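A.B. asks: Residue strings, one per chain:
2 protein chains.
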Amino acid sequence: MTEPYELSATDAAARFDAGSLTVEALVASCIARIEAREDAVRAWKHFDRDAALAQARALDRGPKRGPIHGIPFGAKDIIDTATMPTGYGSPIYEGHQPAIDAPCVALSLQSGGVLMGKTVSTEFASRHPGATRNPHNPAHTPGGSSSGSGAAVADKMVPFAFGTQTGGSVIRPAAFCGCIGYKPTYGLISAAGVKENTRSFDTVGLYARTLDDIALFRAGVLAVDHEPLAPCSVSGLRIGFCRTMFWDRASEATHKVLESAAETLARAGAAVSDLTLEGPFDGYEDLGKTVTGFEFPRALTFERTHHPEKLSEELFEKRLKAGLEIDFETYQSALEKLAACRCWLADAFAGYDAILTPSAPDEAPEGLGYTGDPCFNILATWTYTPAVTLPTSTGPKGLPIGVQLMGPHGQDLRLLAIAKAAFPVLWEGV
Amino acid sequence: MTEPYELSATDAAARFDAGSLTVEALVASCIARIEAREDAVRAWKHFDRDAALAQARALDRGPKRGPIHGIPFGAKDIIDTATMPTGYGSPIYEGHQPAIDAPCVALSLQSGGVLMGKTVSTEFASRHPGATRNPHNPAHTPGGSSSGSGAAVADKMVPFAFGTQTGGSVIRPAAFCGCIGYKPTYGLISAAGVKENTRSFDTVGLYARTLDDIALFRAGVLAVDHEPLAPCSVSGLRIGFCRTMFWDRASEATHKVLESAAETLARAGAAVSDLTLEGPFDGYEDLGKTVTGFEFPRALTFERTHHPEKLSEELFEKRLKAGLEIDFETYQSALEKLAACRCWLADAFAGYDAILTPSAPDEAPEGLGYTGDPCFNILATWTYTPAVTLPTSTGPKGLPIGVQLMGPHGQDLRLLAIAKAAFPVLWEGV
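Residue numbers (this note's numbering), protein chains in the order written: chain F, 1 to 430; chain G, 431 to 860.
Honestly, the hints are just simulated from the structure, not real lab data.
Please read these numbers as outputs of a predicted model, since none were measured by experiment.
Be careful, since some hints might not be right.
[What the hints assert, rightly or not] Here are the simulated SDA-like cross-link-like pairs (lysine to any residue), alpha carbons at most 25 Å apart as the crow flies:
{"#": "1", "chain 1": "F", "residue 1": "Lys337", "chain 2": "G", "residue 2": "Lys686"}
{"#": "2", "chain 1": "F", "residue 1": "Lys310", "chain 2": "G", "residue 2": "Trp857"}
{"#": "3", "chain 1": "G", "residue 1": "Lys586", "chain 2": "G", "residue 2": "Glu693"}
{"#": "4", "chain 1": "F", "residue 1": "Lys289", "chain 2": "F", "residue 2": "Ser251"}
{"#": "5", "chain 1": "G", "residue 1": "Lys767", "chain 2": "F", "residue 2": "Ala348"}
{"#": "6", "chain 1": "G", "residue 1": "Lys494", "chain 2": "G", "residue 2": "Asp655"}
{"#": "7", "chain 1": "F", "residue 1": "Lys318", "chain 2": "F", "residue 2": "Ala348"}
{"#": "8", "chain 1": "G", "residue 1": "Lys719", "chain 2": "F", "residue 2": "Gln411"}
{"#": "9", "chain 1": "F", "residue 1": "Lys321", "chain 2": "G", "residue 2": "Ala653"}
{"#": "10", "chain 1": "F", "residue 1": "Lys310", "chain 2": "F", "residue 2": "Ser333"}
{"#": "11", "chain 1": "F", "residue 1": "Lys318", "chain 2": "G", "residue 2": "Arg495"}
{"#": "12", "chain 1": "G", "residue 1": "Lys686", "chain 2": "G", "residue 2": "His839"}
{"#": "13", "chain 1": "G", "residue 1": "Lys719", "chain 2": "F", "residue 2": "Glu329"}
{"#": "14", "chain 1": "G", "residue 1": "Lys767", "chain 2": "F", "residue 2": "Asp11"}
{"#": "15", "chain 1": "F", "residue 1": "Lys64", "chain 2": "G", "residue 2": "Ala653"}
{"#": "16", "chain 1": "G", "residue 1": "Lys748", "chain 2": "F", "residue 2": "Ser251"}
{"#": "17", "chain 1": "F", "residue 1": "Lys321", "chain 2": "G", "residue 2": "Glu433"}
{"#": "18", "chain 1": "F", "residue 1": "Lys321", "chain 2": "G", "residue 2": "Arg495"}
{"#": "19", "chain 1": "G", "residue 1": "Lys494", "chain 2": "F", "residue 2": "His307"}
{"#": "20", "chain 1": "G", "residue 1": "Lys686", "chain 2": "G", "residue 2": "Asp478"}
{"#": "21", "chain 1": "F", "residue 1": "Lys289", "chain 2": "G", "residue 2": "Asp655"}
{"#": "22", "chain 1": "F", "residue 1": "Lys321", "chain 2": "G", "residue 2": "Trp857"}
{"#": "23", "chain 1": "G", "residue 1": "Lys767", "chain 2": "F", "residue 2": "Lys321"}
{"#": "24", "chain 1": "F", "residue 1": "Lys64", "chain 2": "G", "residue 2": "Glu747"}
{"#": "25", "chain 1": "G", "residue 1": "Lys494", "chain 2": "F", "residue 2": "Ala322"}
{"#": "26", "chain 1": "G", "residue 1": "Lys719", "chain 2": "F", "residue 2": "Leu188"}
{"#": "27", "chain 1": "G", "residue 1": "Lys767", "chain 2": "F", "residue 2": "Leu324"}
{"#": "28", "chain 1": "G", "residue 1": "Lys494", "chain 2": "G", "residue 2": "Ala561"}
{"#": "29", "chain 1": "F", "residue 1": "Lys318", "chain 2": "F", "residue 2": "Glu329"}
{"#": "30", "chain 1": "G", "residue 1": "Lys494", "chain 2": "F", "residue 2": "His306"}
{"#": "31", "chain 1": "F", "residue 1": "Lys337", "chain 2": "G", "residue 2": "Arg629"}
[Unchecked claim] Computed list of chain F residues with no C-beta within reach of chain G, every gap over 12 Å:
{"#": "32", "residue": "Asp48"}
{"#": "33", "residue": "Ala299"}
{"#": "34", "residue": "Gly351"}
All C-beta atoms in this analysis are idealised placements derived from N, C-alpha and C, irrespective of residue type, glycine included.
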């Protein structure tokens, strides 16, 4: 018998509608799962079982509030919440209590979601890790910066969680932990009430375990009508296989998974062809590093000037000080070149329905100190295009390997529909 | 003898360097000016003379901190400040105390600025007015939403103030009150810690009384090296005179000021030609209203759901409820059409160094209930291009009329240099 915590949100919602499941029963099941697994996974910075149960009972007593009525979710702890402390992954904010919920949380609550707690973030969504471990092997990183969200959803503690991505902070933890991560078109979900890292790149993203759930969560957080994803067939899709300039950083296992994915999609009738990033993408990684280098220390001015001793040495010495050395003209030039990359990619998408590319260089690295390389995520993040990672495979260490699909700017629902068609075709059932 | 409060920031900085003025003397002079004029103007939501003097004395004791060392500034009260309450123009937030300074404030403080207080904003930077009056005639609006900032700088209470613009909220108050308002390229100054209105449009802007001061303030808030504006001559400039689709909304006086400005620039050697907005600009005003209609009620979800009774009826009934009726496809389509407008304007700028256009339809309207029509400001705001208004003229009611210059995306310093060259040519000396 399936425990409620194992259900997809879409299935749970159908059971609510049919009267065969209560919100309280689902929430209680998720609580039990969290309590059973949290010692090993450490996904939560703040978790309040009584508050969650109280929300659940109130929802059971009232009318259906919206598309995600009764669905438990976690919010990365760099997102403000009015009823729970918000620490931004930093000792500076230990016990800090925001006055209001960030719009993405407030909209999820208005749409009926149940806020279960705050998930662990790295320090200010940067590099310095939190306590979370990979649910498949606690000796390995869950990835970052949305470490707790990726781990909690993959480990079936909650069906939904919020993450944020400035480099690879949504997609990478999903790939390492083995769930679906969705990085929307830049700006789709408001980043108000989310601690700013790099305003030119910061994107609020979603975690779930099915693509229908991603679409449901999206409708809830945008407060728009929920419509099921449009039917889509892999046959006839035009897929650009983009190894990117970082292919050499990927492991043999990742190479195999991606090459095999391209072949599998072609066998299923897709027109798969190689896509090589050209021209404006020369020096792409450095362009983005310049932008984040310039913006991040300015976003953290208050913390730099009031609490330098509470910043990690890694952050203060390596990132903030270095970023302040970047001159404005270099920054401005990088912004302009990235704008040209966006135009180039928009033109390239005329020939493709989706782009296939790795989600991460390899399985999750061993150790908790290093959350992994975001190199395969920056293409979507910095070009503002939507991306989704699918947990299709397992590597030689027994950890998940994902494949990433990207779509054109603003075509998020089409990308999710394509991913829903591709997922069963690509899934290796391991 | 010139009182210190009358000095430009640039002149005050030179006197600090020469040892002929102390920060304390400048701040004390601004305090005296505020105390003399505040009953009439009501520019300040929060003003703390002792805190300002304490900051001033500390700066006099220490080394030069940055480009705006010792310069007093005001921050619109939708911008978070750690040492002063921040009310967002709403009774919901009466007495609300943010934990930290917004990056734009923190950077200004780090660069040596003296935070004098919080200036009056309309309700959530929308329409419902605050208490501020036009410094030239208290029976007239100062404009909005940055009502207090425009009034305070025009009335020489402070050399600098922050505003924000989603429609016309920086440029219009500057035009109505008679100072310089600068709306940068979208995204140039971080909007973190600024209450979100419409994330696709919200832009932090600056007020000052000279263009050199705008450049100085800009360097301070960006924490970049300050270089004087490059010399520029009006002769040879290519100016596009853009009456926009709203020309019929402008008064006869505004028509005369703008036609005269175009002729004056041509006489000074500029190549002035008409620029007509075409193609993608059909229905432009409605496109932006759709975007702000969709985003604004979502940004205010917490306030809508927790404190509806404390929202003005105007805001709650007319704007928030109506905005929630806009469907996602309409919103998405409006975003795409606005992107096309940005491309069209970028192409048009190949033929122009700057665009000349009205700053507002007329002098400031009589009464305090209506802050005026932003129609002449939305071209720059929604296309993300920099704009500056210059207080060149006075209308038949004895109130200021400004002219607006716009530049290409990202070319803010060039626009400021052009404006500095054009201002003395255009100034009617009234």
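A.B. asks: If a hint holds in the structure, say so; if it does not, say that too.
C.D. replies: Here's how the hints hold up against the structure:
{"no.": "1", "hint": "F:Lys337 to G:Lys686", "verdict": "violated (42 Å)"}
{"no.": "2", "hint": "F:Lys310 to G:Trp857", "verdict": "violated (52 Å)"}
{"no.": "3", "hint": "G:Lys586 to G:Glu693", "verdict": "violated (31 Å)"}
{"no.": "4", "hint": "F:Lys289 to F:Ser251", "verdict": "holds (23 Å)"}
{"no.": "5", "hint": "G:Lys767 to F:Ala348", "verdict": "holds (20 Å)"}
{"no.": "6", "hint": "G:Lys494 to G:Asp655", "verdict": "holds (14 Å)"}
{"no.": "7", "hint": "F:Lys318 to F:Ala348", "verdict": "violated (36 Å)"}
{"no.": "8", "hint": "G:Lys719 to F:Gln411", "verdict": "holds (22 Å)"}
{"no.": "9", "hint": "F:Lys321 to G:Ala653", "verdict": "holds (13 Å)"}
{"no.": "10", "hint": "F:Lys310 to F:Ser333", "verdict": "violated (33 Å)"}
{"no.": "11", "hint": "F:Lys318 to G:Arg495", "verdict": "holds (23 Å)"}
{"no.": "12", "hint": "G:Lys686 to G:His839", "verdict": "violated (28 Å)"}
{"no.": "13", "hint": "G:Lys719 to F:Glu329", "verdict": "violated (34 Å)"}
{"no.": "14", "hint": "G:Lys767 to F:Asp11", "verdict": "violated (37 Å)"}
{"no.": "15", "hint": "F:Lys64 to G:Ala653", "verdict": "violated (50 Å)"}
{"no.": "16", "hint": "G:Lys748 to F:Ser251", "verdict": "violated (57 Å)"}
{"no.": "17", "hint": "F:Lys321 to G:Glu433", "verdict": "violated (40 Å)"}
{"no.": "18", "hint": "F:Lys321 to G:Arg495", "verdict": "holds (17 Å)"}
{"no.": "19", "hint": "G:Lys494 to F:His307", "verdict": "holds (21 Å)"}
{"no.": "20", "hint": "G:Lys686 to G:Asp478", "verdict": "violated (43 Å)"}
{"no.": "21", "hint": "F:Lys289 to G:Asp655", "verdict": "holds (21 Å)"}
{"no.": "22", "hint": "F:Lys321 to G:Trp857", "verdict": "violated (44 Å)"}
{"no.": "23", "hint": "G:Lys767 to F:Lys321", "verdict": "violated (40 Å)"}
{"no.": "24", "hint": "F:Lys64 to G:Glu747", "verdict": "holds (24 Å)"}
{"no.": "25", "hint": "G:Lys494 to F:Ala322", "verdict": "holds (22 Å)"}
{"no.": "26", "hint": "G:Lys719 to F:Leu188", "verdict": "holds (17 Å)"}
{"no.": "27", "hint": "G:Lys767 to F:Leu324", "verdict": "violated (37 Å)"}
{"no.": "28", "hint": "G:Lys494 to G:Ala561", "verdict": "violated (36 Å)"}
{"no.": "29", "hint": "F:Lys318 to F:Glu329", "verdict": "holds (21 Å)"}
{"no.": "30", "hint": "G:Lys494 to F:His306", "verdict": "holds (18 Å)"}
{"no.": "31", "hint": "F:Lys337 to G:Arg629", "verdict": "holds (23 Å)"}
{"no.": "32", "hint": "Asp48", "verdict": "holds (19 Å)"}
{"no.": "33", "hint": "Ala299", "verdict": "violated (5 Å)"}
{"no.": "34", "hint": "Gly351", "verdict": "holds (20 Å)"}
The structure is inconsistent with the numbered hints 1, 2, 3, 7, 10, 12, 13, 14, 15, 16, 17, 20, 22, 23, 27, 28 and 33, although it conforms to all the rest.
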